[in-house]
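Protein chains: 2
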Amino acid sequence: MKFVCDRENFLDALQVVQRAVSLKNPLPILSGIKFEAEENKVFLTATDLEIGIRSSAPAEILEPGNAVLPARYITELIRRLPDIPIFIESDALTGSVAVKYGQSEASINGFPAGEFPDFPLPVSEFNFNIAADTLKEAIRQVVFAAATDENRPVFTGVLFEIQEGRLQVVATDTHRLAWRRIPLENCEDLDINLIIPGKTLNELVKIIGSPDSLVRITVTENQVLFNTGDTCLISRLIGGQFPNYRQVIPQEHITKVRLKTKDLADATERASLLTKEGSSVIKLHLNDNVLIITVNTEAGRVREELPVYQEGEPLQFAFNARYLSDILRVIGSEEIIMEFTGPLSPGIIKPAGDKEYLSLLLPVRLREE
Amino acid sequence: MKFVCDRENFLDALQVVQRAVSLKNPLPILSGIKFEAEENKVFLTATDLEIGIRSSAPAEILEPGNAVLPARYITELIRRLPDIPIFIESDALTGSVAVKYGQSEASINGFPAGEFPDFPLPVSEFNFNIAADTLKEAIRQVVFAAATDENRPVFTGVLFEIQEGRLQVVATDTHRLAWRRIPLENCEDLDINLIIPGKTLNELVKIIGSPDSLVRITVTENQVLFNTGDTCLISRLIGGQFPNYRQVIPQEHITKVRLKTKDLADATERASLLTKEGSSVIKLHLNDNVLIITVNTEAGRVREELPVYQEGEPLQFAFNARYLSDILRVIGSEEIIMEFTGPLSPGIIKPAGDKEYLSLLLPVRLREE
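Chains S and Z supply the protein sequences, listed in that same order.
Heads up: the first sequence begins at 42 in the numbering used here, then just goes up one per residue.
Heads up: the second sequence begins at 42 in the numbering used here, then just goes up one per residue.
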């Protein structure tokens with residue numbers, strides 16, 4: 042393998058595939074990145090066996106071939122180079138790769154390229170396109186509600202459900218749920234239901250490039266492939282049945298309020314300051330167009346008073362402050378609507394005037410009340 | 042205690058004194074900030090018994106008095122408030138303090154104010170003024186060379202030596218040494234020699250305010266007081282004799298080179314990439330106006346070649362890469378001069394054209410050479 046490339050493009054590709062590099066895996070070669078030089082590109086691949094990422098950079102290929110190098114060394118070296126052409130040449134005998142820049146040169150010892158896991162791109166007729174920024178926003182608005190506890194795998198995933206030309210994205214850890222609906226073009230005949238690991242989506246949003254681009258999503262029985270620009274990401278899917286989310290979203294309410302998102306977010310943050318980490322419960326009291334938030338702990342008391350537009354009955358309930366903050370952080374609208382069916386039923390929180398997104402938050406049951 | 046103040050000024054003062062708050066001290070009250078309302082100011086004080094910081098914010102005092110509150114709660118609360126007037130009132134009976142903002146209110150439980158350690162400002166005829174930005178720069182250029190190992194306290198300190206109207210600032214951990222000289226005004230008669238803890242100076246640079254201001258330094262037998270604007274910092278001094286630094290700075294050299302600071306800094310960083318943490322030794326070879334840096338490890342090899350202006354003999358030696366990077370990071374000039382008396386004697390590194398600053402770096406003795 043022998044090629045000349047541009048530092049900037051090469052570094053971009055390195056930083057993208059780096060996200061799939063596994064430093065903890067017992068298989069040392071997974072801490073590496075595979076380089077394949079062919080035609081007018083160098084392809085970079087990394088995988089932790091759960092997800093795999095492949096990207097490429099334009100290069101002048103002087104001799105096709107491949108090599109696997111420790112991700113950390115090659116990325117950090119290229120990051121620290123000046124913006125001059127870089128000449129890269131592998132030594133087939135030793136497996137080491139020389140990186141030449143100006144008068145200087147580094148030689149990095151590699152892994153045997155033949156031992157790098159295969160990375161076949163799945164092929165399937167089940168595929169659809171979605172605008173990169175729409176997908177990014179949907180993931181951001183939903184993925185926070187997924188569980189991180191691996192004991193119940195289904196809850197660590199995000200449901201992508203395509204029906205009647207629309208994509209519904211849903212996650213829940215049983216304490217809270219987030220739901221987003223997006224119209225898709227040319228997908229009227231598609232009927233797909235897949236559970237994508239939350240971790241995969243968290244990596245995906247970081248590598249989705251320019252906001253104007255499209256992401257092509259291809260689905261097989263147990264894998265999903267995201268294609269965008271020069272980059273693709275493959276992930277395993279989570280097996281099992283996603284809970285019936287439709288059934289837990291209340292269709293009616295006894296109390297409804299509208300208020301400023303920032304007012305509630307700031308008050309929630311201040312009220313939770315005095316609570317202990319992990320048990321940040323705040324009490325909310327809705328009455329007569331006023332929302333009162335109270336917290337009473339060993340450290341002191343907070344009483345926040347917020348003006349709201351209220352319809353329906355007065356109500357008292359308690360929320361986990363961190364869960365509420367999470368929802369308000371991603372809701373992306375100046376005003377929100379909250380709807381309640383009772384002090385112990387899940388509350389609905391949604392952007393004012395947007396029917397395509399909502400979050401559900403289960404109140405906390407207080408011991409002495 | 043009862044006063045009204047401006048959120049912004051109050052928060053500034055909180056963030057300054059917060060630096061002296063001790064969260065690890067077995068004495069819980071040291072995790073607090075003492076507030077004293079008198080005349081038209083509220084004074085804030087915090088101490089970890091090693092250093093103490095006092096600052097103030099303008100306030101409308103409705104009732105003089107004092108209180109001690111947990112630093113974390115009061116600072117985080119004020120940080121999260123909108124920019125509206127804040128009304129603060131202590132309850133002498135319970136020791137709690139109410140913070141009222143708009144329609145809302147928090148009440149934070151405090152410590153008994155009488156138990157907060159005394160904080161007398163030292164008075165002494167030994168004092169001098171120095172421009173804040175000059176002091177800041179001198180600390181930055183020297184303090185990195187102080188040791189962090191508390192077993193040899195003298196080396197964790199920075200020597201401030203005033204003689205003949207000049208201040209010399211020196212630190213060494215025995216592997217490296219940094220020295221800076223500054224002319225002082227109106228100090229011809231002063232002859233002071235003090236060792237200030239490196240930690241104190243690291244905190245000091247963070248609270249020194251506007252670059253145009255003056256810092257007044259007052260010295261007693263075992264304390265030093267820094268006064269600037271509304272803020273003062275008191276610290277204990279380190280006892281003992283600072284090593285005779287003059288004697289270790291070589292006065293002659295057999296080899297001298299001039300080169301670009303950035304060239305050497307970048308090459309050093311790249312060369313140390315392949316070394317193990319904690320043992321990042323790089324070899325340097327000076328010959329015929331070329332500096333060659335090499336590293337050879339299990340991970341691979343690096344060979345960096347840099348053009349230099351050389352006078353004197355060829356030379357081979359080895360440096361700890363991290364120590365060299367530390368020096369180059371603070372040297373603050375485009376070009377540097379390095380002077381050597383031999384492969385095992387300390388090298389001098391100084392900014393080209395500046396006789397008031399230098400660093401000394403002891404070469405590493407390589408086993409097999």
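Worth flagging that the hints you see were computed from the coordinates, not collected in a lab.
A hint or two may mislead.
To be verified - Reference listing, derived: stretches of chain S covered by chain Z, where coverage requires no fewer than 3 residues with Cβ under 8 Å from a Cβ of chain Z:
1) 98 to 105
2) 112 to 118
3) 307 to 317
4) 372 to 384
Said to hold, decoys possible - FRET-style restraints, in silico, Cβ to Cβ:
5) S/D47 / Z/D53: 45 to 51 Å
6) Z/L64 / S/D174: 40 to 46 Å
7) S/N66 / Z/G155: 54 to 60 Å
8) Z/T335 / S/L90: 33 to 39 Å
9) S/R257 / Z/R113: 44 to 50 Å
10) Z/R60 / S/P123: 34 to 40 Å
11) S/Y350 / Z/R60: 43 to 49 Å
12) S/T135 / Z/L385: 30 to 36 Å
13) Z/E156 / S/D190: 52 to 58 Å
Claimed, not checked - The calculated lysine-lysine pairs, modelled on DSS-like cross-linking and capped at a C-alpha distance of 27 Å, are:
14) S/K65 / S/K247
15) Z/K65 / S/K317
16) Z/K82 / S/K301
17) Z/K43 / Z/K141
18) S/K317 / Z/K141
19) Z/K396 / Z/K177
20) Z/K43 / S/K141
21) Z/K177 / Z/K301
22) S/K303 / S/K177
23) S/K391 / S/K240
24) Z/K324 / S/K141
25) S/K177 / S/K43
26) S/K141 / S/K297
27) Z/K247 / Z/K177
28) S/K324 / S/K297
29) Z/K324 / Z/K177
30) Z/K317 / S/K65
31) S/K141 / Z/K303
32) Z/K141 / S/K303
33) S/K391 / S/K247
34) Z/K82 / Z/K43
35) S/K65 / S/K240
36) S/K141 / S/K247
37) Z/K297 / Z/K391
38) S/K324 / Z/K141
39) S/K247 / S/K317
40) Z/K324 / Z/K297
Keep in mind it's a predicted model, so treat the numbers as computed, not measured.
Ideal Cβ positions, reconstructed from N, Cα and C, are used throughout, including at glycine.
Does Z/K324 pair with S/K141 here, judged by a C-alpha cut-off of 27 Å? Since the Cα atoms of Z/K324 and S/K141 sit roughly 19 Å apart, the hinted pair holds (cutoff 27 Å).
Please work out if Z/K82 and Z/K43 have their alpha carbons no farther apart than 27 Å. With a Cα-Cα distance of about 11 Å, the restraint between Z/K82 and Z/K43 holds, given a limit of 27 Å.
Just to be sure I understand the hint, the distance between the Cβ atoms of S/N66 and Z/G155 should be within 54 to 60 Å; is that true here? Given about 59 Å between the Cβ atoms, the range holds.
Taking beta carbons only, do three or more residues of the region 372 to 384 of chain S come closer than 8 Å to chain Z? violated (count 0)
Just to make sure I understand the rule, a stretch counts as covered if three or more of its residues have a C-beta closer than 8 Å to a C-beta of the chain. Does the region 98 to 105 of chain S meet that for chain Z? violated (count 0)
With a cut-off of 27 Å on the C-alpha distance, tell me whether Z/K43 and S/K141 pass. 69 Å, violated
Could one say that the CB atoms of Z/L64 and S/D174 fall in the range 40 to 46 Å? 43 Å, holds
What's the verdict on S/K391 and S/K240, does the C-alpha distance respect the 27 Å limit or exceed it? 25 Å, holds
Quick one, are S/K391 and S/K247 close enough, alpha carbons at most 27 Å? Given that 27 Å is the threshold and the Cα spacing comes to 26 Å, the pair holds.
For the pair supplied as a hint, Z/K43 and Z/K141, confirm whether the alpha-carbon distance does not exceed 27 Å. Between Z/K43 and Z/K141 the Cα gap is close to 11 Å, so the pair holds against 27 Å.
If you draw a straight line from the CA of Z/K65 to the CA of S/K317, is it 27 Å or shorter? 18 Å, holds
Tell me if the beta carbons of S/D47 and Z/D53 are separated by a distance inside 45 to 51 Å. Check passed, 47 Å falls within 45 to 51 Å.
Hint compliance for this structure: hints 1, 4, 13, 16, 20, 25, 26, 29, 36, 39 are not met, and every other hint is.
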